[in-house]
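Between the sequences and the hints, there should be enough to build the whole structure, so can you do that?
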Amino acid sequence: ESARLGMDSHASDYNPLSYLILKGSLEYPKKYPTLSEDVKKYGEKLIENTKSDLSEYFDSKILAFVWLWCADCPHCGQKIPLTNNMWISRKQKLGFKIIPDKNLDCKFELIKNILEQDASRYTQKGGKAICIKCNNSLDYQNITESIKNNRERKLVFLKTETEFRLANKKDLEQFENAQKYLEKNWQEFLDLKYIPQDEIKPDPRSGIKNYGISIWHQYFSQRQLLVFATLIKNIKKICQEISDEEYQKVIATYLSFVVGKHLDANSLGVHWHTGTENPEFTLSFRRTNFVFNHAEPNPFAKVRGNLYSILNDIVNSIRFCQESGAKSKVYLQSAFDLSRFSNFDIILADPPNPNDIQFAEQSEFFYVWMSKI
Numbered sequence: 001e002s003a004r005l006g007m008d009s010h011a012s013d014y015n016p017l018s019y020l021i022l023k024g025s026l027e028y029p030k031k032y033p034t035l036s037e038d039v040k041k042y043g044e045k046l047i048e049n050t051k052s053d054l055s056e057y058f059d060s061k062i063l064a065f066v067w068l069w070c071a072d073c074p075h076c077g078q079k080i081p082l083t084n085n086m087w088i089s090r091k092q093k094l095g096f097k098i099i100p101d102k103n104l105d106c107k108f109e110l111i112k113n114i115l116e117q118d119a120s121r122y123t124q125k126g127g128k129a130i131c132i133k134c135n136n137s138l139d140y141q142n143i144t145e146s147i148k149n150n151r152e153r154k155l156v157f158l159k160t161e162t163e164f165r166l167a168n169k170k171d172l173e174q175f176e177n178a179q180k181y182l183e184k185n186w187q188e189f190l191d192l193k194y195i196p197q198d199e200i201k202p203d204p205r206s207g208i209k210n211y212g213i214s215i216w217h218q219y220f221s222q223r224q225l226l227v228f229a230t231l232i233k234n235i236k237k238i239c240q241e242i243s244d245e246e247y248q249k250v251i252a253t254y255l256s257f258v259v260g261k262h263l264d265a266n267s268l269g270v271h272w273h274t275g276t277e278n279p280e281f282t283l284s285f286r287r288t289n290f291v292f293n294h295a296e297p298n299p300f301a302k303v304r305g306n307l308y309s310i311l312n313d314i315v316n317s318i319r320f321c322q323e324s325g326a327k328s329k330v331y332l333q334s335a336f337d338l339s340r341f342s343n344f345d346i347i348l349a350d351p352p353n354p355n356d357i358q359f360a361e362q363s364e365f366f367y368v369w370m371s372k373i
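Its first residue numbered 1, the sequence shown is counted upward by one per residue in the working numbering.
These are calculated hints, taken from the structure and not from any lab test.
Quick caveat: nothing in here was measured; it's all calculated off a predicted structure.
Each residue gets a CB set at the ideal place from its N, CA and C atoms; glycine is no exception.
Subject to a maximum C-alpha distance of 27 Å in a straight line, what follows is the list of computed DSS-like cross-link-like pairs (lysine-lysine):
| no. | residue 1 | residue 2 |
| --- | --- | --- |
| 1 | 261 | 51 |
| 2 | 125 | 97 |
| 3 | 97 | 128 |
| 4 | 302 | 169 |
| 5 | 40 | 329 |
| 6 | 41 | 237 |
| 7 | 148 | 128 |
| 8 | 112 | 169 |
For each label pair, taking beta carbons as the anchor points, the in silico distance ranges come out as:
| no. | residue 1 | residue 2 | range |
| --- | --- | --- | --- |
| 9 | 113 | 199 | 45 to 51 Å |
| 10 | 302 | 173 | 20 to 26 Å |
| 11 | 275 | 302 | 16 to 22 Å |
| 12 | 160 | 210 | 33 to 39 Å |
| 13 | 52 | 371 | 24 to 30 Å |
| 14 | 203 | 237 | 31 to 37 Å |
| 15 | 140 | 181 | 33 to 39 Å |
| 16 | 169 | 126 | 32 to 38 Å |
Rendered as structure tokens:
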């Protein structure tokens, strides 16, 4: 607000993520006049390079994929896709039906003009599930143990540019090919720190650890991990082409914001909104939830949370922040340290170790990935 009023200002924060956001909002836009144009140029290059690298794993006409986690019935062995409703689109009155087969597996069927009572059917609710074959119930422990041990999902339906349709063999092959490529290069990606190995800090509000998710990379599918690993690789490559080492860090900061915002749109915690026909964001629950019927957006298509829209929002934000002529200085330090300094021109020489800081879970969610850049 002081910058909006034209006054020079000083700001400090002990949380490294908040510090980066403050630098990107207050300090860098005033310091570099061509910043918005440069972020747009390098950001577009980042997206196009990543899109080219991953073209064989995404169909450009598909906007989003919707998956269901599966549990095995302890009574009859039937595989049960878990969902709290059968809606696909409320506006179009479109839903789906789960049909068990002789092999204890299942298939799906699209239902047009679905009745409310059929769309409200569920296979899991309130921490319990119902078998689609024998109708016996599964308790919370049955569900969590099955998912933890098998980690099996079903790709049910997709949103394309023109319609909704059931997933087919080609859709599954694209995902499986991405999975194979990631597995082949897994150790190399780990060595390059493209994949986060950080342990998820305990949070009593979130039950994701009960499903076997205790390390951050486990909160993403193999294709999602491949997207983020490729983004990080390309950010490093693009920034190395910038001759000014200080400006490399500035551009890398904003490109890491692109990654951070897309993390919120593309994880196993994204749920499908049957009203807006779009994926919701991971942190729309204000925490990292476990979502049984979760959505995966195409990062390069016109769908909520795509990379192009995120880049455009960030570029517009930089332009907004450049409107004020005020100058600001941002410090990575605790408010308790300010009394020790006689002036505000002193900044901590060594940033605090993130492991020593009690992060809020949302900050940790983004910072773990951004620290790889």
